[in-house]
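Asks: For the record, the sequence lines run as chains A, B and C.
All residue numbers for the first sequence refer to this note's numbering, where the first residue is 139 and numbers rise by one.
All residue numbers for the second sequence refer to this note's numbering, where the first residue is 139 and numbers rise by one.
All residue numbers for the third sequence refer to this note's numbering, where the first residue is 139 and numbers rise by one.
Think of the hints as simulated: they come from the structure by calculation, not from any bench.
Fair warning: this is a prediction, and the values are worked out from it, not measured in the lab.
Incorrect hints may appear among the rest.
Given that identical chains are not distinguished, each listed pair holds provided it fits within a single copy or across any two copies.
Unchecked claim - Straight-line alpha carbon distances no greater than 25 Å define the calculated SDA-like cross-link-like pairs of lysine to any residue that follow:
| id | residue 1 | residue 2 |
| --- | --- | --- |
| 1 | Lys473 | Ser448 |
| 2 | Lys470 | Ser448 |
| 3 | Lys285 | Arg169 |
| 4 | Lys439 | Asn214 |
| 5 | Lys140 | Lys177 |
| 6 | Lys473 | Ala463 |
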Amino acid sequence: MKASELAARLGGTLEGEDAEILACGGLEEARKGDLSFCKDPKHVALVQTTEASAVLLPHDWSHGAPCSIIRVADPNQACIEAARLFAPPEPERAPGVHPSAIVDPSVNLGANVHVGAYTVIEKGSEICDGAVIEAQVFIGEGCRVGKGTHIYPQVTLREGTIVGDGCIIHCGVRLGGDGYGFNTSMENGMPKIEKIPQLGIVEIGDGVEIGSNTTIDRARIGRTYIGPMTKIDNLVQIGHNVKIKGFSGLIAQSGVAGSTEIGYGCLIWAQAGISGHIKIADGVQVGPQAGVPQSLDGSLKYVIGAPAMSMKELAAITLAPKMIAKLKAEVKELKQKLNG
Amino acid sequence: MKASELAARLGGTLEGEDAEILACGGLEEARKGDLSFCKDPKHVALVQTTEASAVLLPHDWSHGAPCSIIRVADPNQACIEAARLFAPPEPERAPGVHPSAIVDPSVNLGANVHVGAYTVIEKGSEICDGAVIEAQVFIGEGCRVGKGTHIYPQVTLREGTIVGDGCIIHCGVRLGGDGYGFNTSMENGMPKIEKIPQLGIVEIGDGVEIGSNTTIDRARIGRTYIGPMTKIDNLVQIGHNVKIKGFSGLIAQSGVAGSTEIGYGCLIWAQAGISGHIKIADGVQVGPQAGVPQSLDGSLKYVIGAPAMSMKELAAITLAPKMIAKLKAEVKELKQKLNG
Amino acid sequence: MKASELAARLGGTLEGEDAEILACGGLEEARKGDLSFCKDPKHVALVQTTEASAVLLPHDWSHGAPCSIIRVADPNQACIEAARLFAPPEPERAPGVHPSAIVDPSVNLGANVHVGAYTVIEKGSEICDGAVIEAQVFIGEGCRVGKGTHIYPQVTLREGTIVGDGCIIHCGVRLGGDGYGFNTSMENGMPKIEKIPQLGIVEIGDGVEIGSNTTIDRARIGRTYIGPMTKIDNLVQIGHNVKIKGFSGLIAQSGVAGSTEIGYGCLIWAQAGISGHIKIADGVQVGPQAGVPQSLDGSLKYVIGAPAMSMKELAAITLAPKMIAKLKAEVKELKQKLNG
C-alpha cells in the first residue's frame, strides 16, 4: 500500500516520498517497506536511525526523520490500525463440520460451531454455540466446550474436561492428563511404586486464555480449577487439584504444584515455581524464577528469589560479599590498633 | 446419586438430609453437590467451613458438620471408592484398528491391540499384545511398543524408539527427537555450525510413565535409556544419551542434560536442572529448582540451590545478611571501646 | 553383523572373538552385542570394565580390552561410521503428497516436496522445492516453508509464519501462537482484562533448527525474528517481538521474554531466563538457570546466577558463610583481647 493511501486511511498527512509500505514494526526492527511509529520525543535517537520507510509521528514532532513521515493525532493507536491492515488475515472458521472430522453421533453440537479437519470428538461431549474447534484437535468423552471458545489445532482434552465460555486455547495445550501421583513402598526389599488413580477432572472458567504447549493435570479427586479471566502463557505446568481463583496471570514456563490455591489477581512471572499444598493470597506477585516453598499471606506484595523473599532481602544477600569486604577491612584496622 | 444410596454402597450410615451428590472433592474446594471426607479431628475447622453437601467421617467423629454426614470405617478409602463412582468413565478402547488409522502392512500388530483414529504407524514397527495406541499418534519406522502399554493422543515416536511393557505415555510426549549437537568452528572469518548426526535411539523400560509434553531425545550413538518404573512428570526434558537406571521420579519441568547418568531410586524435583556428563548416585534427591553442575556421589542425600548444596549451606547463605548485621554491630562496639 | 565384517568395512583389524555386533554405544553404557570405542589411553579404566562385545581402539593401544578389539586409525570417526551402519534407517520421504493430506488448491507446492498423511495446509501457503512436511502437521494460511526445510510430525504453523531454507523443525513445535499481551484496568471496582491483538508474524531465517515442543510467539506488531543458523533446543519459549540476530544457541527450557534482542553468536544455556525489552550483546553466554533482568553490553562474556552476574561474584556469595565464620572468630578474639 502506498504511504499516501495509508495516511488517508489513518486520517494523517504524509511528508516525504510516497513509499510502498508492506508491514509494520518497531523502530529498531523495522526494515525497508515497514511503517513504524513514535509518540515520545525521548525516543528521537531511535527515529533517527530507523530503517523504516515511513514513521507515524505526532503533529507537533519537530525532530524530523530519515524517512517519510505520516503525522497523526495518536501514533500508538494509528499503528495498531495500520497493523490490522497488514496483518495476516484472520482465517475464516465458518460454521460447519469438516467432512474428515470424526464426531460421535452422541455429541451435542451447538449452533454455528466450526469443527476442523481430522479433529476427533468422542461420545457424550458438548460443543456450545459459536465454538471454534480447529483441525487435528482431540476432545475425549464427556467434555464440554463453552460458547464462543476457540481451540487451536492439536490441542487435547482428556475425558471429562470442562472449558468455559469465551476461552482461547492455543496449539498443543494438554488438559486433563493424569497428575503425578504414586505410592512408594518396599516389598521384600524391593521398591514398589503404585499409581494413584487420578479420578477427577479439569474445569476452566470463562474468559481464560491458555498458551501453547501448556499442561494442566486432572484432579486426583474433584477438580483442578482455573477461575475466570485467568491468562496462562506458554509451557506452563499446573498440577492436579490446583485451584486458581481467577483474574490472575501465569507467565511462560512457570509451574504450580498439586493442591495449591492461587488467589484473585495474582501474577506469577516466568519460570517461577510454586510448591504444592500452599496458598498464595489475592494480589500477590511472584517474581521471575522465584521458588515459593510456603504460603504467602499477602503481607509481601512481591516476592523474588528461592526460597522466595522480599526484594530487599534478596538485595542484602547479593550485597553480602561487599559488606563482608568492608567488615574485613575494619577488623584488620582494629587488630592493628590493638596489636600495634 | 442420593446420599442414602451412596452411604449404602460405601457401607456407611447417613445422618442429615438425603442430598443429591454429583462429585467428590477436598474439604476446601468442595461445593454444593459434592461429597468430601475427613478422617482426622485436627482438620475439624475445615469440616466446619466446607461447602460440601455431605462429608465422609469416621464412626467416632464427635464434632458435627455443616452438612450431611456419612459415617464409615475408613473415610479415606471410602472417598476413593466414591470418586470412582463419579469419575468420568474410563473411555473404552476396544481391540481393533480404526478404519482411518494408517498402519503400514509390514507392522506387526499383537493380539487385542487398539489403534485410534488418524493414527499413523510406519513400516517395520511392532505393537505388542494389549497395547492401546489412541487417536492422532505418530509411530515412526521400526519402533516397538510393549505389551499393555497405553499411548495417549498426539504422541510422536521417531524411528527406532523402543517402549517397554506396561508403560503410560501421556498426550504430546516426544520420544526420539534429535539431540542438541553441533560442531562450531570458524572458516574464513565466518562461524560455521555443523549438525552432528544423531544416530542412536530412545529405549524406555517397563512400567515407565511419561507426562504430557515431555521430550526425550534420541542418542547421538547408542541409546538414551529410561530404566524400569521411572515416573516422569509433564514438560520434562531428557537430553541425548542420558541413562536413568530405574525406579526414579522426575517432577515437572525438570531437565537432564546429555550423557548424564541417574542412579536407582532418585527423585528430581520440579524445575531442577542437571548438567551433562555427570552421575547422580542411587537414592539422591535433587530439590526443586536446584542446579547440579557436578556429580553427586550420595554423601549428600538431598541437595538444593544452584550450584546444588546441602540445606544447611543454603540456609547459611540466606542468613548471611543477618550474620553480617550482627558482626557489624559488634565491630562498631569494639571500635568505640578502642577509641573511646 | 559379525565383528570381522565390521572391521573390514571400517578398514580395521580384528583381534579376538568374531562377536555378533548389533549396535554402538559409549564404553559405560555398552552391553553385550555393542561396539564401543576409545582413542585416549586415559580412559583405560573404562575400557577394562566395558560390557561391549568389541571396542574400536587405535593401532598403538597397548592396554588390552576385556572383549574383541578392532584396531583402526581414528576410533572416533570409525565409530560414527559404524553408528551409521546400525542406526535406524532414515525414513524415506519421497516426493509426493499423501492422499490423506488436505492441501488447499491455492497452495504453491514446489518441486520434489513431500507432504505426509493427515497433514493440513491452508490457503495461500507456499512450500518450496524439496521441503519435507511430515505427517499430521498443520500449516495455516499464507505461510511459507523454504527450500529443503524438514518439518517433523505434529508441528503447527499459525497463519503468516515464514520459515527459511534448510531449517529443521522437530515434533510438536508451535510457531506463531499469540503472544502474552493484556491490558488490565479497573472498571466500577472490578478488574478488566483485555486482550491486545497480536497482529504480527514469526519469521525464521535459513538453517535454523528448533527442538521438540518449543514455542515461538507471533509479534504483536511486525515480526518475531529468529536469525540464520540459530539452533534452538527443546521446550524453549520465545516471546513476541523477540529478535535473535543469528548464529546463536538456546539450550533446553530456556526462555526469552517479549521484545528482547539477542546478538550474533550468543549461547543461552538450559533453563536460563531473559527478561523482556533488553539487549544481549554479540557473543555473550548466559549460564544455566541464570536470570537476566537487564541488558548485557558484552563487558561480561559469561553471566550466571539470578540476577545474572560474573562467576566471581556468584562464588563470593556462595563463600559468604565461610567468610562470615572467619570474621566472627576474629571479632571474638579481638573482644577477648580488649576485655581480658
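Asks: Taking the earlier hints as the rules, which of them does this structure contradict?
Replies: Of the numbered hints given earlier, those the structure breaks are 1, 2 and 4, listed in rising order.
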